[in-house]
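**Q** So the chains spell out like this:
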Amino acid sequence: MNSQFRRHLASTAFIIGFFLLWEALCWAFNVSDIVLPKPSQIIVTLVQRAPALWPHTLQTLYTTMVGFAFGIVIGIALGVLIGSSRIAYDVAYPLLVGFASIPKVAVVPIFVLWFGAGTVPAVLTAMIMCIFPIVVNVATGLATTEPELEDVMRALRATKLDILWNVGLPRTMPFFFASLKVAVTLAFVGTVISETVASNRGIGNVMMIASSNFDVPLVFAGLLILAFLGVALYAIFSVIESRITGWAHRKDNFAMG
Amino acid sequence: MNSAAETELPRTDDTFVELEKVTLTYGRGDKQVTALGLTDLRIDKGDFVALVGPSGCGKSTILKLVTGLITASEGYVYIAGREVGAAEVRVGMAFQNPTMLPWLTVRENVMMPLKIVPPFRQEYRSKHKTEFRDRADALLKEVGLAGFGDKHPWQLSGGMLQRASLCRALVHEPQLLMLDEPFGALDQFTREELWAIMQELWMKLKPTVLLVTHDLKEAGYLATRICVMTTRPGRIVDDAAVPFPRPRTIDMSYTPEFVSMTQRLRELIVSARPVKETV
Chain D
1 MNSQFRRHLA
11 STAFIIGFFL
21 LWEALCWAFN
31 VSDIVLPKPS
41 QIIVTLVQRA
51 PALWPHTLQT
61 LYTTMVGFAF
71 GIVIGIALGV
81 LIGSSRIAYD
91 VAYPLLVGFA
101 SIPKVAVVPI
111 FVLWFGAGTV
121 PAVLTAMIMC
131 IFPIVVNVAT
141 GLATTEPELE
151 DVMRALRATK
161 LDILWNVGLP
171 RTMPFFFASL
181 KVAVTLAFVG
191 TVISETVASN
201 RGIGNVMMIA
211 SSNFDVPLVF
221 AGLLILAFLG
231 VALYAIFSVI
241 ESRITGWAHR
251 KDNFAMG
Chain X
1001 MNSAAETELP
1011 RTDDTFVELE
1021 KVTLTYGRGD
1031 KQVTALGLTD
1041 LRIDKGDFVA
1051 LVGPSGCGKS
1061 TILKLVTGLI
1071 TASEGYVYIA
1081 GREVGAAEVR
1091 VGMAFQNPTM
1101 LPWLTVRENV
1111 MMPLKIVPPF
1121 RQEYRSKHKT
1131 EFRDRADALL
1141 KEVGLAGFGD
1151 KHPWQLSGGM
1161 LQRASLCRAL
1171 VHEPQLLMLD
1181 EPFGALDQFT
1191 REELWAIMQE
1201 LWMKLKPTVL
1211 LVTHDLKEAG
1221 YLATRICVMT
1231 TRPGRIVDDA
1241 AVPFPRPRTI
1251 DMSYTPEFVS
1261 MTQRLRELIV
1271 SARPVKETV
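Residue numbers (this note's numbering), protein chains in the order written: chain D, 1 to 257; chain X, 1001 to 1279.
Rather than coming from a laboratory, the hints here were simulated on the basis of the structure.
Computed from a predicted model, the values in this text were never measured in an experiment.
Take the hints with a grain of salt, since some may be wrong.
Unchecked claim - Below, in silico cross-link-like pairs of lysine-lysine (BS3-like), each with a Cα-Cα straight-line distance of 25 angstroms or less:
| id | chain 1 | residue 1 | chain 2 | residue 2 |
| --- | --- | --- | --- | --- |
| 1 | X | LYS1127 | X | LYS1141 |
| 2 | X | LYS1115 | D | LYS160 |
| 3 | X | LYS1045 | X | LYS1151 |
| 4 | X | LYS1115 | X | LYS1129 |
| 5 | X | LYS1115 | X | LYS1204 |
| 6 | X | LYS1127 | D | LYS160 |
All chains should be modelled from the sequences, with the hints used to inform the complete structure.
**A** As structure tokens, then:
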């Protein structure tokens, strides 16, 4: 308990120290606002512009979560398919890797062409950004399930679905949650990319407009909001992860029991 | 009923498991390996048969064939008069590794067969918190694991896990129990304790048991019949009843009769071992 408290204290001190150093360096070298605004100034901007920024924050959060939700559903479906069938693995994997290698900025104009500017392309971009890590992790988890564990079930004449449900998927959960933490941050990247290119709402759009107006403190305020949202969601999924996959970390008091 | 009636082996109405001229080969062409060659085996209902033999003689292969985990290349495997895939027989299985699912508690692991095997699976939803739970706890108590139901597998020792694994193999009251060296990785004292528990459970529940083991004392203590196998291709070369009365005890294994029986088995296995090829 004590050491945990000390760890939290150390990490909080480090974060605060980072911003203090930033502030101090800006003062010391007299850095212009247009190049790098001071943290204090960013926070002032954040507070002053809060009523205007709030709806954009909600828009970005909403878009990301919808895209992320679709990404999870499709990612699990593809992952299960690829992970449980050798043929599907051989056929789909090269395509998947190829698809994942495409820079997502390049895909946004196509989505805009199909669905028009606005929320839909942002949701889709967030979705395709986060599918790949989920698919790879779910597929790996399923493909590396110990045959002995499956034998136990097969000796009981369990169906393939029984085995998937009772052995494959639970065993894959640690892999899945590890991928979710990566995927949720990628979903933000996807949303903001699309908002920057083709939308009139969202934090990405705010930052785009602010930078063309040389309103650099506002740009950084947008960055800060994105970073905060990313950290918050990461933390939420970490908590869910440790509750569901505590067995993998051998926690004595994990909650599923 | 089936062509098995034509074979010369004695057949009783009680026959439960039947291997008829079963062959199993792995690979193809020059690399083909015959793991099991033309094996006949008949096990009566409620019998306890031990398979002993040198390593690699196909003992576990027979087990997997009877369980339906692998299919015979030639020949037939019947259970309760039907081919292995079609037979609706409840099978319990325990391996050398306890193979507990780490995300479940010990009790949930023990209850797993009830979740899968009919007719229990239809009632699992309504009974898993009452009747089935009590049944798992009762079994755990019988093997000396009372109070460990809520623990996770990694919190238990190897011997304790093997006890839990026995519970899982028995919880759905299988007609057929497959034991693949379940006591092989345990220390001498735990092993002897589990033999006694196993014997007790078998005398109470009377499943048909097929035990694969390297330990002749274990085979003599537990089995009613011992089959000796040779290696490559695996075949059964000796099949003898074990005459000692039950319940058997560890002291019994030091009597001259018991020792001479295990000696005879030992000689059979040693002579069945292939001559070492000199390089």
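**Q** For each hint, tell me whether it holds in the structure or not.
**A** Hint by hint, here is what the structure shows:
no., hint, result
1, X/LYS1127 with X/LYS1141, "holds (19 angstroms)"
2, X/LYS1115 with D/LYS160, "holds (14 angstroms)"
3, X/LYS1045 with X/LYS1151, "violated (36 angstroms)"
4, X/LYS1115 with X/LYS1129, "holds (12 angstroms)"
5, X/LYS1115 with X/LYS1204, "holds (23 angstroms)"
6, X/LYS1127 with D/LYS160, "holds (24 angstroms)"
In summary, the structure is inconsistent with hint 3 from the numbered list given earlier, while agreeing with all the others.
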